[in-house]
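All chains should be modelled from the sequences, with the hints used to inform the complete structure.
Protein chains: 2
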Amino acid sequence: MADRVGMWKSLGMDVKAHDALCSMLPTAFGDVFLSQRNRPESMAFWDMVAADIHGMRPAELIEAQANGQKVFGAFCVYVPDEVILACDGIVTGLCGGSQFWVPAGEQMLPADVCPLIKASVGARISRTCPFFRIADLFVGETTCDGKKKAYEILAKDAPLYVMDTPQMKRQKDIDKWADEIRDFADEVQRVTGNQLTSENLAKAIKVTNDRRRALARVFEARKSRVAPISGADALLMMQISFFDDPVRCAEMCNRLADELERRIEQGVSAVPAGSKRILITGTPMAIPNWKLHHIVETCGAVVACEEMCTGTRSFENLVDETQTTLEGQFQALSQRYMKNNCACFTPNGGRIDDVIRLARTYQVDGVINANLTFCTTYKLEAPALERAVEEAGFPVLSIETGYSDGDSEQLRTRIGAFVEMLG
Amino acid sequence: MADRVGMWKSLGMDVKAHDALCSMLPTAFGDVFLSQRNRPESMAFWDMVAADIHGMRPAELIEAQANGQKVFGAFCVYVPDEVILACDGIVTGLCGGSQFWVPAGEQMLPADVCPLIKASVGARISRTCPFFRIADLFVGETTCDGKKKAYEILAKDAPLYVMDTPQMKRQKDIDKWADEIRDFADEVQRVTGNQLTSENLAKAIKVTNDRRRALARVFEARKSRVAPISGADALLMMQISFFDDPVRCAEMCNRLADELERRIEQGVSAVPAGSKRILITGTPMAIPNWKLHHIVETCGAVVACEEMCTGTRSFENLVDETQTTLEGQFQALSQRYMKNNCACFTPNGGRIDDVIRLARTYQVDGVINANLTFCTTYKLEAPALERAVEEAGFPVLSIETGYSDGDSEQLRTRIGAFVEMLG
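Residue numbers (this note's numbering), protein chains in the order written: chain A, 879 to 1301; chain B, 879 to 1301.
One or more of the hints may lead you astray.
For identical chains, the list gives no copy identity; a pair is met inside one copy or between any two copies.
In silico DSS-like cross-links for lysine-lysine, where the CA-CA straight-line distance does not exceed 27 Å [stated by the list, open to error]:
no., residue 1, residue 2
1, Lys1154, Lys1084
2, Lys1050, Lys1034
3, Lys1034, Lys1217
4, Lys1047, Lys1217
5, Lys1154, Lys1050
6, Lys1047, Lys1034
7, Lys1154, Lys1034
8, Lys1084, Lys948
9, Lys1084, Lys1047
10, Lys1034, Lys1084
None of these hints come from the bench; they were simulated from the model.
Pasting the structure below:
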């Protein structure tokens, strides 16, 4: 293995504190992933990436920067990767998914902010995540109060650009988002020094759509009652998709989908026969947040689908590939992104439709509505969502949890009872 | 007194529950207001309004409705009263300021939402506030996650229109707000059946500016070290300004300002000599939230200014009166409202400038930054604000509190120590 420690030091990381994080991950990963039986062989790729999560990809990014490329860090599936890729930029996810970063975040933020935001700020402040050191530009958005205001704090320590996400979904909001994408394109051109053209943007749209199509193929296989892959493995694949090169991501996902399709034909399941099928909807699960999937899948159930940003929202809906002008492409990008039914919008009835549609097509037995603690937008729309999903015939379990393991046994009791109750 | 109970019944109110609220208010009002010495005589008007808060003005509104006028309820100083007044509509405030409504709100909302939102929803749901029964249209806005999503819940029970407040303050955001005002004007015309013209809008702009000028005169008098009025009385006047007819409000405020100016000349103070002067900045204080002012002003200090929506933000900056076309007027309205430095914006450095400017012009000895519990936007910008204000030479006390009196003694201890420490 290359000199990871030297790399981390050169990034200005707190290597000692980082060692503590690194020492926890193998056990957690072993407990959640390596303990599983009948895994698809193709998961070896993601196991390898996860085992060297702060080494392999950061080294690639640093090498790309040495060759003149710029790295853009994003916190939200609303950031249009296409514009960055078109200008030969690289996109990496930045959301923090570990309790490890929460105490550092709480030095800058009140405790009653969602753990994803606290962990994201903490990962930067504590200098224990290479991605938060490497990114040339952090790209924020105004999706929720917590993130919007946390970016003001992050901006004092990191180069930050904020896109103003609409709060509603009228035509003028779609136009507004197209305009925000246009402004962002100016910034990306400035940072990369490369010009955006309809040609390179068309190519980037194609590459990003290809990744979406590949992710969709993996999810398509999850619709089968055979359950050829566990939810935890699918989640890991999804989480890493935010950090990986999009072409390699598509290639690996297609390879995995090939295997899953073979397994379906052959009736090879990743989970015990009779496992109840669960759809999880709610707030995103940033790596290494595998808490809920692990509990569900060691309670006699399998997670068949995630209606969340680290799930269907990252790949559903393609960008129109037929536009030939930048203006047409910005509008096409906006139209695609604005189909995303995040709780930051008002009203957000589309999410209810999505959950019911997905619950049916993924043939699930029950739905878990999982909100991160202190996530106001999701929490406030939870009762209406849960009522509608129950009326559509799906039992719903409502869960609010953070990153800490303190409530794991309580969750195990509740989830176990819920799974047992399912048809 | 007219038949208030009959009126409340005809509004579909829960009169029995409402009785419990009514029985609490006189004691609270007596403790906070009538116990004060050396009050301006002109406060008699607001004492009278407060004593019949759910009677007098509601009766006026009902009479106006009988004459064909429509009543619009607003939750935010961003809602442009001018457009409503121009179409012969009436504006009333709707924010809930009493702990009495919080439990009802918590039936529909999670506990970790700010008390103002919980009380506002609770006031509607519990049918114990006439203003929440009378309004023909509730006008919401997307200023914060809690309100934005609470409106979805309110909309199931009340006629609701939402304006999409910008999250940033670029020229395009000012244009966007002008466009939202234009859309809102369509809705107001639809609801009132009256046409908006540049003439009636010009008149409404003048009326609303006159109210702002009158409120500003009262606040101008508060800049004097004589302290001719207590902060509690000024706050009561401000709170009621959101419910009153704007012409009468201006008249009464000008009358009060006349008296305050005389008192300054004569050196007549409303507070004991040597009282420390305090500026309170932060989240709004909806009627009957007098908690903090009462504690501060029974701890040897006087509140000289409120940098909040129930304070300077409601009257600072006038709308340009020279525009003669609706388009020009919409833009002028937007420019004025967008000068309001609410924490919903990112970034919001203008608020820091405002607090320092007001602390100087109101000659205060210290600043209290008061956030309602669970108000994410204000809480997250608090550290930067407090640092800047302290660097400008003003001691700062940071307080987070709700509507309940449970922490009053603790607050009294902290505020007492703060006041004692001042210069």
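Checked hints:
1. Lys1154 with Lys1084: Classified as neither; 37 Å inside a copy, 66 Å across copies.
2. Lys1050 with Lys1034: This pair counts as between: shortest inter-copy Cα distance 25 Å, intra-copy 33 Å.
3. Lys1034 with Lys1217: between (33 Å within a copy, 24 Å between copies)
4. Lys1047 with Lys1217: both (9 Å within a copy, 26 Å between copies)
5. Lys1154 with Lys1050: neither (43 Å within a copy, 51 Å between copies)
6. Lys1047 with Lys1034: This pair counts as between: shortest inter-copy Cα distance 19 Å, intra-copy 32 Å.
7. Lys1154 with Lys1034: neither (47 Å within a copy, 35 Å between copies)
8. Lys1084 with Lys948: within (21 Å within a copy, 53 Å between copies)
9. Lys1084 with Lys1047: within (25 Å within a copy, 34 Å between copies)
10. Lys1034 with Lys1084: neither (36 Å within a copy, 42 Å between copies)
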